[in-house]
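There are 2 protein chains.
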Amino acid sequence: MRRLLLISNSTLHDGGYLGHCKEQIKQFLSDKVKTVLFVPYALHDRDWYAGKAKEAFTTFGYDVQSIHQQPDALGAINQAQAIFIGGGNTFRLLKTLYDEKIVEAIRKRVLEDGIPYIGSSAGSNVATASIKTTNDMPIVYPPSFDALKLVPFNINPHYMEPDANNTHMGETREQRIKQFHEYEDSPPVLGLREGCMLLVEDRKATLLGKTDAKLFVRGKDPVEYKVGSDMSFLLQSTL
Amino acid sequence: MRRLLLISNSTLHDGGYLGHCKEQIKQFLSDKVKTVLFVPYALHDRDWYAGKAKEAFTTFGYDVQSIHQQPDALGAINQAQAIFIGGGNTFRLLKTLYDEKIVEAIRKRVLEDGIPYIGSSAGSNVATASIKTTNDMPIVYPPSFDALKLVPFNINPHYMEPDANNTHMGETREQRIKQFHEYEDSPPVLGLREGCMLLVEDRKATLLGKTDAKLFVRGKDPVEYKVGSDMSFLLQSTL
Ligand SMILES: [Ca+2]
Ligand SMILES: [Ca+2]
Chain H
1 MRRLLLISNS
11 TLHDGGYLGH
21 CKEQIKQFLS
31 DKVKTVLFVP
41 YALHDRDWYA
51 GKAKEAFTTF
61 GYDVQSIHQQ
71 PDALGAINQA
81 QAIFIGGGNT
91 FRLLKTLYDE
101 KIVEAIRKRV
111 LEDGIPYIGS
121 SAGSNVATAS
131 IKTTNDMPIV
141 YPPSFDALKL
151 VPFNINPHYM
161 EPDANNTHMG
171 ETREQRIKQF
181 HEYEDSPPVL
191 GLREGCMLLV
201 EDRKATLLGK
211 TDAKLFVRGK
221 DPVEYKVGSD
231 MSFLLQSTL
Chain S
1 MRRLLLISNS
11 TLHDGGYLGH
21 CKEQIKQFLS
31 DKVKTVLFVP
41 YALHDRDWYA
51 GKAKEAFTTF
61 GYDVQSIHQQ
71 PDALGAINQA
81 QAIFIGGGNT
91 FRLLKTLYDE
101 KIVEAIRKRV
111 LEDGIPYIGS
121 SAGSNVATAS
131 IKTTNDMPIV
141 YPPSFDALKL
151 VPFNINPHYM
161 EPDANNTHMG
171 ETREQRIKQF
181 HEYEDSPPVL
191 GLREGCMLLV
201 EDRKATLLGK
211 TDAKLFVRGK
221 DPVEYKVGSD
231 MSFLLQSTL
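These protein sequence lines are chains H and S, in that order.
Residue 239, in the working numbering, is where the first sequence stops; the numbers in between run on with no holes.
Residue 239, in the working numbering, is where the second sequence stops; the numbers in between run on with no holes.
A few of these clues could be false.
To be verified - With a straight-line cut-off of 25 Å between C-alpha atoms, the simulated PhoX-like cross-links for lysine-lysine are: (1) H:Lys22 <-> H:Lys34; (2) S:Lys54 <-> S:Lys34; (3) S:Lys22 <-> S:Lys32; (4) H:Lys52 <-> S:Lys178; (5) H:Lys149 <-> S:Lys95; (6) H:Lys178 <-> H:Lys22; (7) S:Lys108 <-> S:Lys32; (8) H:Lys26 <-> H:Lys204; (9) H:Lys52 <-> H:Lys26; (10) H:Lys178 <-> H:Lys52; (11) H:Lys178 <-> S:Lys226; (12) H:Lys95 <-> S:Lys52; (13) S:Lys32 <-> H:Lys95; (14) S:Lys226 <-> S:Lys204; (15) H:Lys54 <-> H:Lys32; (16) S:Lys26 <-> S:Lys204; (17) S:Lys95 <-> H:Lys95; (18) H:Lys26 <-> H:Lys178; (19) H:Lys54 <-> H:Lys34; (20) S:Lys52 <-> H:Lys178; (21) S:Lys32 <-> S:Lys52.
Unchecked claim - Listed below are several chain S residues computed to face chain H (Cβ distance under 7 Å; list not exhaustive): (22) Met1; (23) His13; (24) Tyr17; (25) Phe60; (26) Gly61; (27) Val64; (28) Asn89; (29) Lys149; (30) Pro162; (31) Thr167; (32) Gln175; (33) Lys178; (34) Gln179; (35) Glu182; (36) Ser237.
As the list claims (entries may be wrong) - To spell it out: a stretch of chain H is covered by chain S in this simulated footprint if at least three of its residues, at any positions, have a beta carbon under 8 Å from a beta carbon of chain S; those stretches are: (37) 103–115; (38) 129–136; (39) 139–145; (40) 153–163.
Just so you know, these hints were derived from the structure itself, not from any lab.
For clarity, every value in this text was computed on a predicted model and none was experimentally measured.
Just so it is clear, CB atoms sit at the ideal spot from N, CA and C, and this is done for glycine as well.
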């Protein structure tokens with residue numbers, strides 16, 4: 001059974017690292033998981049990042065191993081009880097997943113073996129159909145924008161409305177997503193506001209957290225969904 | 001002699017399309033140029049975009065041909081008196097330049113034949129070393145992030161400082177550029193604020209416009225440069 005917790009962002013402005021989603025993470029992993037495999041590839045300083053993840057998950061009651069400190073990345077994925085991919089730069093993250101040749105292995109562990117997957121920000125982007133709706137700067141060239149395809153739609157993390165007082169002329173987030181939908185066969189995009197997350201359990205998907213989400217479907221007007229909404233219909237679209 | 005006018009953005013909040021850079025464009029093209037070849041590839045609706053460019057350049061005293069309405073894109077580049085590449089989505093723009101097989105031809109016309117090149121926003125991104133410092137969403141996968149390499153550095157158009165009142169947790173522009181500079185051999189990034197542009201004439205580069213620019217060099221603190229600053233040193237870096 002597929003189980004995913006896809007979080008918009010790791011840190012809310014009024015809380016510590018993973019503070020706002022602590023309860024959801026504990027409930028998601030339960031006491032069946034003892035050790036979480038952390039993937040720090042989205043940031044440059046992996047040792048620092050692994051320390052930060054370890055600190056948070058230790059207070060939640062879990063051990064953490066960072067994949068970059070294991071002798072064999074593929075072996076680490078194959079033995080993982082649960083995977084947490086942290087945020088940072090989505091391009092760097094996806095390129096490293098391809099470089100380490102673990103894209104297919106993660107898919108198999110999550111979709112076939114049913115190990116729990118937690119993603120935050122860039123880690124949520126790579127869980128979806130593609131990274132084409134990341135907000136990040138393309139600082140490095142991955143071999144593809146296709147991502148782990150654990151779900152058949154896209155996510156836009158840190159989703160936000162434009163600031164009405166701002167005179168900046170760059171595209172709004174909604175305009176950017178509309179440009180994505182100018183392409184045929186572009187899947188739905190779930191805009192997860194900071195504080196929001198999506199729980200996927202097999203064929204059921206539910207919005208959790210403190211804030212709402214906005215769904216963009218090609219050719220349709222965007223629709224707001226409140227915390228608690230059943231989003232299972234998103235899992236029925238085909239890739 | 002290489003001649004470029006690289007504009008941060010086409011529209012300032014208090015003016016019409018290309019209104020804020022009208023005088024600089026007229027002085028740059030002078031009366032030697034009669035017809036400008038417009039490249040609308042960064043936006044989906046090319047006819048609409050060509051009309052908008054035509055309207056603006058007509059009031060400046062130039063004819064406009066849009067490359068998408070020519071029978072042969074490569075032939076149009078080879079016969080152009082001047083090229084203007086407009087803004088939109090940088091990934092879509094660069095992919096189309098590669099798809100149309102005109103990357104090398106534009107380089108040759110600008111660097112060898114010396115025809116004037118005007119870029120705005122995405123059109124400025126593609127003029128540089130790479131598109132790795134665009135702000136745009138990666139809605140489509142280009143065959144490379146390498147760009148036209150008309151100059152040996154990168155540009156970040158629409159450059160802006162973070163809003164001090166904003167609690168949003170996404171990376172600031174400066175943090176994103178710092179992540180780009182975590183890679184060895186990453187070239188300088190010129191952050192052009194809206195209203196700012198860079199004039200390049202052979203080995204001389206000068207900031208023009210109403211606003212200042214901020215230069216980011218790997219391993220160094222960023223430096224502010226005022227309108228009128230001589231930026232020629234940026235042309236000496238090698239790719
Ligand atoms: Ca990020
Ligand atoms: Ca743009």
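So, going through the hints one by one against the coordinates:
1. A C-alpha spacing of about 16 Å is found between lysine 22 of chain H and lysine 34 of chain H, which places the hinted pair at or below 25 Å, so the restraint holds.
2. Simply put, lysine 54 of chain S and lysine 34 of chain S have alpha-carbon atoms about 13 Å apart, close enough for the 25 Å limit, and the pair holds.
3. At most 25 Å may separate the alpha-carbon atoms for a hinted pair to count; lysine 22 of chain S and lysine 32 of chain S meet this at roughly 17 Å.
4. Between the alpha carbons of lysine 52 of chain H and lysine 178 of chain S the distance comes to roughly 20 Å, so the proposed pair stays at or under 25 Å and holds.
5. The straight-line distance between the Cα atoms of lysine 149 of chain H and lysine 95 of chain S is roughly 24 Å, inside the 25 Å bound, and the hint therefore holds.
6. With a C-alpha separation of about 33 Å, the suggested pairing of lysine 178 of chain H with lysine 22 of chain H is violated against the 25 Å cut-off.
7. For a cut-off of 25 Å, the pair hint linking lysine 108 of chain S to lysine 32 of chain S stands: about 20 Å separates their Cα positions.
8. As the CA atoms of lysine 26 of chain H and lysine 204 of chain H are separated by approximately 19 Å, the hinted pair is consistent with the 25 Å bound.
9. Taking the CA atoms of lysine 52 of chain H and lysine 26 of chain H, the gap is near 17 Å; set against the 25 Å cutoff, the hint holds.
10. About 36 Å separates the Cα atoms of lysine 178 of chain H and lysine 52 of chain H, which puts this hinted pair outside 25 Å; it is violated.
11. The suggested pairing of lysine 178 of chain H with lysine 226 of chain S is violated, with an alpha-carbon distance near 36 Å, which exceeds 25 Å.
12. A hinted pair counts as satisfied when its Cα atoms are at most 25 Å apart, and lysine 95 of chain H with lysine 52 of chain S does not qualify at roughly 38 Å.
13. Between lysine 32 of chain S and lysine 95 of chain H the alpha-carbon distance is near 47 Å, which puts this suggested pair outside the 25 Å criterion.
14. As the CA atoms of lysine 226 of chain S and lysine 204 of chain S are separated by approximately 16 Å, the hinted pair is consistent with the 25 Å bound.
15. Distance restraint check for lysine 54 of chain H and lysine 32 of chain H: the Cα-Cα separation of roughly 18 Å lies within the 25 Å cut-off, and the hinted pair is therefore satisfied.
16. A threshold of 25 Å between alpha carbons decides the hint, and for lysine 26 of chain S with lysine 204 of chain S the separation of about 19 Å falls inside it, so the pair holds.
17. The suggested pairing of lysine 95 of chain S with lysine 95 of chain H holds, with an alpha-carbon distance near 19 Å, which does not exceed 25 Å.
18. With a C-alpha separation of about 36 Å, the suggested pair lysine 26 of chain H and lysine 178 of chain H falls outside the 25 Å cut-off, and the hint is violated.
19. A threshold of 25 Å between alpha carbons decides the hint, and for lysine 54 of chain H with lysine 34 of chain H the separation of about 13 Å falls inside it, so the pair holds.
20. Between lysine 52 of chain S and lysine 178 of chain H the alpha-carbon distance is near 20 Å, which keeps this suggested pair within the 25 Å criterion.
21. At most 25 Å may separate the alpha-carbon atoms for a hinted pair to count; lysine 32 of chain S and lysine 52 of chain S meet this at roughly 23 Å.
22. Violation of the interface hint for methionine 1 of chain S is found here, the shortest Cβ-Cβ separation to chain H being roughly 32 Å, above the 7 Å cut-off.
23. With 7 Å as the threshold, the beta carbon of histidine 13 of chain S comes within range of chain H, its nearest partner Cβ sitting at about 4 Å, so the hint holds.
24. Of the supplied interface hints, the one on tyrosine 17 of chain S is violated, with its beta-carbon coming no nearer than about 11 Å to a beta-carbon of chain H, more than 7 Å.
25. The interface hint given for phenylalanine 60 of chain S is broken, as the beta carbon of that residue sits about 20 Å from the closest beta carbon of chain H, more than 7 Å.
26. Given hint, glycine 61 of chain S at the interface with chain H, is violated; its Cβ is 25 Å from that chain's nearest Cβ, farther than 7 Å.
27. A distance limit of 7 Å between C-beta atoms decides the matter here; for valine 64 of chain S the minimum to chain H is near 22 Å, and the interface restraint is violated.
28. Annotation: interface hint on asparagine 89 of chain S holds; nearest CB of chain H at approximately 5 Å, less than 7 Å.
29. Given hint, lysine 149 of chain S at the interface with chain H, is violated; its Cβ is 15 Å from that chain's nearest Cβ, farther than 7 Å.
30. For proline 162 of chain S, the shortest C-beta to C-beta distance to chain H is roughly 12 Å, which exceeds 7 Å, and the interface hint is violated.
31. Given the 7 Å rule on beta carbons, the hint for threonine 167 of chain S holds: about 4 Å separates it from the nearest Cβ of chain H.
32. Using the Cβ-Cβ criterion of 7 Å, the hint placing glutamine 175 of chain S at the interface with chain H is not satisfied: the shortest such distance is roughly 9 Å.
33. Restraint check, lysine 178 of chain S versus chain H: the minimum CB separation of about 9 Å is more than 7 Å; hint violated.
34. The beta carbon of glutamine 179 of chain S is positioned within 7 Å of a beta carbon in chain H (closest approach about 5 Å), and the interface hint is therefore held.
35. At its closest, the beta carbon of glutamate 182 of chain S sits 4 Å from a beta carbon of chain H; the interface hint therefore holds under the 7 Å criterion.
36. Among the interface hints, the one on serine 237 of chain S is violated; its C-beta lies about 18 Å from the nearest C-beta in chain H, farther than the 7 Å criterion.
37. With a cut-off of 8 Å between beta carbons, the region 103–115 of chain H has 0 residues touching chain S; three or more are needed, and the interface restraint is violated.
38. With 6 residues having a Cβ less than 8 Å from any Cβ of chain S, the region 129–136 of chain H passes the three-residue criterion, so the hint holds.
39. Counting residues of the region 139–145 of chain H whose CB lies closer than 8 Å to any CB of chain S gives 5, which reaches the minimum of 3, so the coverage claim holds.
40. Note: the region 153–163 of chain H has 3 residues with beta-carbon separation from chain S under 8 Å; the three-residue rule is met and the coverage holds.
Checked against the numbered hints above, the structure breaks hints 6, 10, 11, 12, 13, 18, 22, 24, 25, 26, 27, 29, 30, 32, 33, 36 and 37 and satisfies the rest.
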